[in-house]
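J.: Residue numbers (the working numbering), protein chains in the order written: chain A, 1 to 217; chain B, 1 to 217; chain C, 1 to 217; chain D, 1 to 217; chain E, 1 to 217; chain F, 1 to 217.
You can trust all of the hints, since none of them are fake.
Just so you know, same-sequence chains aren't split out, so a pair can sit in one copy or run between any two.
Cut-off 27 Å, straight-line C-alpha distance, at most; resulting in silico cross-link-like pairs (DSS-like, lysine-lysine): (1) Lys30 / Lys50; (2) Lys19 / Lys50; (3) Lys151 / Lys214; (4) Lys214 / Lys19; (5) Lys30 / Lys19; (6) Lys30 / Lys214.
Simulated from the structure, these hints should not be mistaken for laboratory data.
Each chain is listed here by its residues.
There are 6 protein chains.
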Amino acid sequence: MLVLKLTGRIFDEEDLVAKYAAIIRRIGGKVAVVTGGGEVARRYIAMARKGGASNTFQDLLGIYASRLNALLLISLIGDDAYPKAPSTVEEFLDAWRRHRVVVAGGFQPGQSTATVAALVAEAAGASVLLNAANIDAVYDDDPRRNPNARKIPTLTYDELERILKTSVVPGGYELVDPWSISILRRNCVTTYIFDGRRPEYVEEILRGGNPGSKITC
Amino acid sequence: MLVLKLTGRIFDEEDLVAKYAAIIRRIGGKVAVVTGGGEVARRYIAMARKGGASNTFQDLLGIYASRLNALLLISLIGDDAYPKAPSTVEEFLDAWRRHRVVVAGGFQPGQSTATVAALVAEAAGASVLLNAANIDAVYDDDPRRNPNARKIPTLTYDELERILKTSVVPGGYELVDPWSISILRRNCVTTYIFDGRRPEYVEEILRGGNPGSKITC
Amino acid sequence: MLVLKLTGRIFDEEDLVAKYAAIIRRIGGKVAVVTGGGEVARRYIAMARKGGASNTFQDLLGIYASRLNALLLISLIGDDAYPKAPSTVEEFLDAWRRHRVVVAGGFQPGQSTATVAALVAEAAGASVLLNAANIDAVYDDDPRRNPNARKIPTLTYDELERILKTSVVPGGYELVDPWSISILRRNCVTTYIFDGRRPEYVEEILRGGNPGSKITC
Amino acid sequence: MLVLKLTGRIFDEEDLVAKYAAIIRRIGGKVAVVTGGGEVARRYIAMARKGGASNTFQDLLGIYASRLNALLLISLIGDDAYPKAPSTVEEFLDAWRRHRVVVAGGFQPGQSTATVAALVAEAAGASVLLNAANIDAVYDDDPRRNPNARKIPTLTYDELERILKTSVVPGGYELVDPWSISILRRNCVTTYIFDGRRPEYVEEILRGGNPGSKITC
Amino acid sequence: MLVLKLTGRIFDEEDLVAKYAAIIRRIGGKVAVVTGGGEVARRYIAMARKGGASNTFQDLLGIYASRLNALLLISLIGDDAYPKAPSTVEEFLDAWRRHRVVVAGGFQPGQSTATVAALVAEAAGASVLLNAANIDAVYDDDPRRNPNARKIPTLTYDELERILKTSVVPGGYELVDPWSISILRRNCVTTYIFDGRRPEYVEEILRGGNPGSKITC
Amino acid sequence: MLVLKLTGRIFDEEDLVAKYAAIIRRIGGKVAVVTGGGEVARRYIAMARKGGASNTFQDLLGIYASRLNALLLISLIGDDAYPKAPSTVEEFLDAWRRHRVVVAGGFQPGQSTATVAALVAEAAGASVLLNAANIDAVYDDDPRRNPNARKIPTLTYDELERILKTSVVPGGYELVDPWSISILRRNCVTTYIFDGRRPEYVEEILRGGNPGSKITC
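Turn these sequences into a full structure, and let the hints steer you where they fit.
T.: Right, here's the structure in full:
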């Protein structure tokens, strides 16, 4: 069983989407996927905010955009996938008991897709979460500003939380937020963070590798 | 009562969306809006087709994209609007009896948003449909190729059908398709087609003007 | 995999319904069925029209009647069938991935059940549609008026479209309409039209026969 | 506020349906209507039973048929009515708080529409139920067999229950069943039973008349 | 296939719930369970009644409480169970065709959970219903008042109905009511009534025993 | 417009529930209420945890229990209230536009009801949240252990966050959690925390008083 979080950025590049779809088709077991909103989400949220829309609607627009990404992936996976993006944990649970692959976007306003991925891992009873991120690993400082920033291959959720508080992490809250960390920690799920532009890392991790960072409870 | 069809192109320009939202807020009576999918729809459908997705899923992606546009508009209109895009005629009917403004995207695979607009006009019992299009009027030939193409200010659905069959109309089926024509004709709805980049035309038409083409049964 | 369209007329004869149910139970593979509204639909639509009901509600009455027919068939098939008539393409898709048999009536106002059958064939990825019709084949003229009308055993959708335009085809739009033709053609589905009063033709066609007309893309 | 139960027989006569629709449109206050299944229900249930369908599906067919009747009435009433037949007490409650008129058919297998009418009266907090029946009043014996059977203008639920147990009442359980009686009694709803072929009796009862039987707690 | 009715009392004792969950996990075949509302239901209904709430809402509170019991049992059974309590017979039917175990609480206002169990047995096509009751068997008189009351090991529904009418049966209508009896009788379901505090009796009955009373049609 | 959060403890005391219902009936404007799960939630979650149920199901049990509390309150308020507890922000939004009073319990696993209250305040566009808590105010230390702990009448969300981090606050996370704080702060909602056993404080706060603590952005 595999839980895979795909940053919305992946959906800005056609080839990447196709490659992830191929990997999911190829993998034998159950796969739960959570997709971010990406560029489409950012653009619609910006338009809504400028026009004075409430935070609730801004979040809903991000959710709709992430579901568009989810549906694209579903359309490329075929008959093994639940044919729509579930909109609640309960719908996910029901779909998950009946389909090999379930692809969700966002669930509800006020939740990041990082949190949705954590909730999905919890509901599925998964022990591992693969986070195909918009950064290649966790660093001890911002690598874009500090050339000496060090990649951290393995760390605990406690250590991650400390780093998030003291330094500006690129990817930041899109990657993980305090709420998703608390859910992953209470279920003792191991998270692998890796560069989302490298779909081949999914299978490398499944074979025991760690191309980015590994976070344990 | 007003039924307004907005081509998806409008949602590629932030200012246009804001202007249409302002007009809908300003108008006193009931307003039903149907939004097209625009650039986002086209991009996702292209990715799905290239990856071998079925026509059903390609249509669903276009529908999801059009609902994203619908939700953006809803978020800018405020409390008068039904807070989501209805997904069937029945849900539209129910929402329409309770809210001043209802904004729909696509309904079901195999239907253009032109057809959705016709079904919405039929369900609402509207006598007029305003089609904010990606063309400024109906022509007797393709104005992009034939510099002598003539704008037709008033015509009947029968005449429109004949033109659609014999010449390549820019905007073509996005504008109107045989199915939407047959629904509009059976309800004798008058359609105004006008340049979607000119939101002010909505109020001009409401005051009795005809800045593009007027189609009658 | 089999997609079967049953004209509503079949549901006016108890024995026919029972025979189709028996065939569907007997067939090994997956079967999607679409049922027309028949006499009940016609009677309720007539009452609604006479009382001034909108076209939307007239269509909805036809849809409810077709779902009554769908449910009757479901009740005779037993545990292999999805226990209700799906009301949208999305619900069909979801049910189809989980059940051997799914029986739909109409989906939405403004769509014939011929179109629903085409959408179902598209969503299921079917290559063949069996249309148990209220006529025994396609003719080059109306056989009820012209004794020399000739039965056409094989034709293309283009040829069918031409015939529909130039002659009064008995069964007419209940059989196929332009919209259903365009969906079947874009998916290159082969349609067999045969006399709905002869259920045994289903198995004859499955064995390679063609008791009525065969339409190809 | 008025709760009106219409026997399915009414829907076998076009004129009666139109007259009831006109009365409901005319009445100023809130109206909840419950429709029986009538001839269509009987025919479909008979076909299902003969084919070996379960009692659950036989009941569901009766429910679908009663909803077809409900939708016909809705289509004739217009914008004041909730546009669909609610399928549960909860949906009725929600619709009832938002619409002047709500028309329900059956709710769930194992319940008569007499019981649905009692549940609807309870949920609406009604003190009176008008039962447009397939008999003109309650009798002390079967008037079709016993020429001396006496019409009973006023009685209590206890007396009604005794009559139902000791004599064959025409209309019998379609009219009232023990379960509907227990619900009406616990809410102390007054029931008027009258000949459903006489729509004018509705207004007569509203003016204080009692053209059939009046049952009190 | 097994249909099991659990009195709400069982949910007042943690150990009993765990034992029933273990038995359901252990049993190989399909299991449909219906749970009563128990102490929580009684307390909330009492508060609502005292505050003047309608019977409809009192019943709904009992239903919500019974669904809480259903969900607790579901949470202890694991992946074999449909992850929520169905709220209608139709939802039960759909879930039942896809899951080994389905656990329902109440369905609709105006129905006891005894009736829900009968409807579930009917929908599932079960021939046996195991009623884990708040009494250990059917007696010919109230054993709490009459020390000579005799346990009746086997009886028919007709006999049960007569006993219910002439004596105060402990457990009374929670156990069986006239409506549930009529549904069980029309499907000729055999009911075993036994002491709900003895979960081991489930397997004893499955092996052919009869620790309480057996009711046949 | 008023958003009122009621700690689940209130539902352990019949009189308190009745008093809050009376206040909500009396207040003229719109009222959104969010109810906690209380003793019932705690008991069911404990049983589930002991039996090895997942965190997802433990959370769902808490949500079901909080909805039972919500329904009890709804049943006591009457026709002004949406007749069920919405299960998502979107359902809340829709109900809120149509009803004077909407009462929600929990929404989704992984969210406290404190967070639900914050999301509801955001969706409703409220500027004030009244938190009827299981503590009478915010203190600078735990008043149960430190007799010198000082009540803080007014503070900012930043100050509240600091206190939550450095001292054991009674009521703690049930009262407010980091996620609910971040939502309230981004919308600049003022929160009043007061002793939930004193319903009269609602009206005192509406008249400008501050019987507990007032938190501003």
